[in-house]
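Undergrad: If you read the protein sequences in the order shown, they are chains A and B.
Straight run, no breaks: the first sequence in my numbering ends on number 371.
Straight run, no breaks: the second sequence in my numbering ends on number 367.
Hints in this document: simulated from the structure, not taken from any laboratory.
Be aware that one or more of the hints could be misleading.
In silico BS3-like cross-links for lysine-lysine, where the CA-CA straight-line distance does not exceed 25 Å [claimed, not checked]:
{"id": "1", "chain 1": "A", "residue 1": "Lys245", "chain 2": "B", "residue 2": "Lys86"}
{"id": "2", "chain 1": "A", "residue 1": "Lys65", "chain 2": "B", "residue 2": "Lys158"}
{"id": "3", "chain 1": "B", "residue 1": "Lys198", "chain 2": "B", "residue 2": "Lys18"}
{"id": "4", "chain 1": "B", "residue 1": "Lys76", "chain 2": "A", "residue 2": "Lys161"}
{"id": "5", "chain 1": "B", "residue 1": "Lys158", "chain 2": "A", "residue 2": "Lys87"}
{"id": "6", "chain 1": "A", "residue 1": "Lys245", "chain 2": "A", "residue 2": "Lys45"}
{"id": "7", "chain 1": "A", "residue 1": "Lys199", "chain 2": "B", "residue 2": "Lys9"}
{"id": "8", "chain 1": "B", "residue 1": "Lys248", "chain 2": "A", "residue 2": "Lys87"}
{"id": "9", "chain 1": "B", "residue 1": "Lys198", "chain 2": "A", "residue 2": "Lys161"}
{"id": "10", "chain 1": "B", "residue 1": "Lys156", "chain 2": "A", "residue 2": "Lys159"}
{"id": "11", "chain 1": "A", "residue 1": "Lys143", "chain 2": "B", "residue 2": "Lys148"}
{"id": "12", "chain 1": "A", "residue 1": "Lys45", "chain 2": "A", "residue 2": "Lys161"}
These are the residues of each chain, in order.
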Amino acid sequence: MRRLKAIIIKEFFHILRDPKSLTIVFLMPVIMVFIYGYAISYDLKNINAGIIDYSGSRYSRDLIKLFTNNSYFKLRNLQRTKNPIEKGEEFLRAGKIKEIIIIPADFSRNIVSGKGSEVGFIIDGSDSNTANIIYQYNNMIIKTYLTKVQKIKNPLKVKTKVYFNPELKSSYFFVPGLIAILLLMVSALLTSISIAREKETGSLDLIFISPLKSSEIIIGKTIPYIFIALFEGIIILMFAYFWFKIPIRGNLLSLFFFSLLYIIAGLSLGIFISTSAEDQRTAMLGSLMLTMLPSIMLSGFIFPIESLSKVLRGFTYLIPATYYLKIIRGMVLKGAGIKSFLFEGGVLAGMSFLLLLISTIKFSKGREKTK
Amino acid sequence: MKIYYLMKKELIEILRQKQMIFMVIVSPVFQLLIFGYIATTDVKNLPVEIINISNSRYSQEIINRIEKSPLFIIKKITSRYESPIKNMKEGKIKAAILFRDSFDRKRNPSGFPDIQILMDGVDSNSSLIAAGYFNGIINDFLLTEFDKKGISVAVKGKSLLRYNPELKSINYMGPAIVAMLLTVIALFLTSSSIVREKEQQTIDTLLISRLKPVEIYLGKALPMLFVGLLDMFLGVTLVVLWFKIPIKGSIFQLLIASIIYLTAILSIALLISTFTNSQQEAMFFAWFSMITFILLSGLYTPVENIPWGLRWITKINPLQYLMKIIREIFLKGNGMKFFYKDIFSLIIIGSITISFSLFIFKKTVSK
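Isolated chain A (complex conformation):
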């Protein structure tokens, strides 16, 4: 126990000696929460669109009014230019507008005669997501127009009720998810260098010939980072709650318990990389490429897992963040309890155990060799 304490204290000193890194470790979450909370938003508003109204009738003006009377579109009249459609296409290509709305000359005539008219939309499809949303806004507006002009009551009532995030704010989705990413950053990234650094500076040999057991070295190296990670998690959670007013609906104690499990899993991953890498540079790139990027891309942090192909969905099960994201979103936003996530918690514990075991074996082997 005393030997363990000694190595923990040594590792703590290593971290504290480097105030620049420490500042970044604590400042980064705040800045990232800020960026995610405000800057990353899917809410599409004020889409620039060009309008060409060849009809110029009461009917077409009513339709245009529907397009302007909401915050979705910002219309720009292209009529005054010499060749409206050509001008519109040029704007579309330059990205100045995202769609062109064209109302044909026979618009009102065809409505009055009952033949039925058409409205043309030319949409910039390069960003498929945005294009999809524009397409849906268009349909919505036409639907509203129909109920006005044709006076058919929409016979089918669809009511939508949204749970957990009724205003559909992106920050509800991103900020708790960010905890998962930042915890991993602290735990995996920081630890991944810790053993590689000692390899590089040659101080690992000193530890090798000490009476410490391999498992003691591994455990002693991880414990300080647990504290840092926990501290970081608390900062982000407070920021989420007080600044972004994200409700914490679940039990904090059970969240704490699962977070601890997740941090340990991340640390084990970091240690595992650390024992395999030759020097700090490889360890850094390794932890970045093998843990950080997959955790951001494959865990459901941004892209929903359900939409992935079967093979890739298999990969997601290998990533600790996948399980933790489910847990933290469930607990924070939906108020789910421990019982709902027993399986996820078990997987995290199993992963940590396995990784630590492999690392210890690998580490002792390396030690044998030096001896």
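Use these hints to put chain B onto chain A, whose structure you have.
TA: For chain B alone, coordinates are given in the frame of chain A:
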């Protein structure tokens, strides 16, 4: 000539390690392959539960349509009401669709059921898209029913999609991922290059050599520029050959934009490497700038969505310009005429970062 030896040494340092070659060449290719399949914003296979209390011909028809759609996967169909909230909490379903007969026959003479969608709003984007698709299904259903009853619709929308008519999100994301990976590799490799020599105390050897500071600086930067361009080449080839995304614009212009971009990003990395004292520190700064660059580049969410107060950050973010240029070249086939302003901004950012980091480097060296 003197620089040549330094450059050679830098390249050897990278090529000497098998792990490093793996990181620089194999891993970006691998990442691009995987991310190309993941980083799509298409919503598919959304797990839903259906509660069909109505059990009419109409509700059955709508359910059939949902079943056929690749967007939804029906996890459960019941005819008795039970709260779907529990399943939603555990993340088993993302939405529940409830069909119920209308009580008021007078106000609803058509006999269509009332539909209620209960949605998990946590992932707001997916929820919005899913709701939109569902409305589309309902619309199609209504149109066919109207047709059967002989009612014609007064106005129909007709849409034309430009540049990416099949709305494949990979066409939009693929080129952007190349730009992202390029940034990751360039920033990380280079940010450790000088500080590493500090840590291993070989920097003094370099400094007492006859190399001028500018030469040391260039000797560090040029091999990385080479590695960066190699990765760019690999990435673009893969995107074109594997993901079958055609380049509509000029490759030469893309090359020029990439070189200017790499110059900017490499000088930022060298700046980091100059003022930090350990590789760990350098890595943190690199990681931090990388994340900020990527998040505010328009990779996942359009830059236009960023509120005014934060928009200025995107103006000084070099990656934002490269993202825009590479996407325009790939998708729209735009030429210089459309992005000369972006190139110009990149040049300004590049020259400021170069002179600043060179200045700092000289200052540190003279100490």
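Undergrad: For each hint, tell me whether it holds in the structure or not.
TA: Against the structure, the hints:
1. Lys245(A) to Lys86(B): holds, 24 Å
2. Lys65(A) to Lys158(B): This hinted pair holds, its Cα atoms lying about 19 Å apart.
3. Lys198(B) to Lys18(B): holds, 23 Å
4. Lys76(B) to Lys161(A): Between Lys76(B) and Lys161(A) the Cα gap is close to 19 Å, so the pair holds against 25 Å.
5. Lys158(B) to Lys87(A): holds, 20 Å
6. Lys245(A) to Lys45(A): holds, 23 Å
7. Lys199(A) to Lys9(B): holds, 22 Å
8. Lys248(B) to Lys87(A): Judged against 25 Å, a Cα distance of about 21 Å means the pair holds.
9. Lys198(B) to Lys161(A): Distance ~60 Å between Lys198(B) and Lys161(A) Cα, so the pair is violated.
10. Lys156(B) to Lys159(A): Given that 25 Å is the threshold and the Cα spacing comes to 23 Å, the pair holds.
11. Lys143(A) to Lys148(B): holds, 19 Å
12. Lys45(A) to Lys161(A): Between Lys45(A) and Lys161(A) the Cα gap is close to 22 Å, so the pair holds against 25 Å.
The structure shown violates just one earlier hint, number 9.
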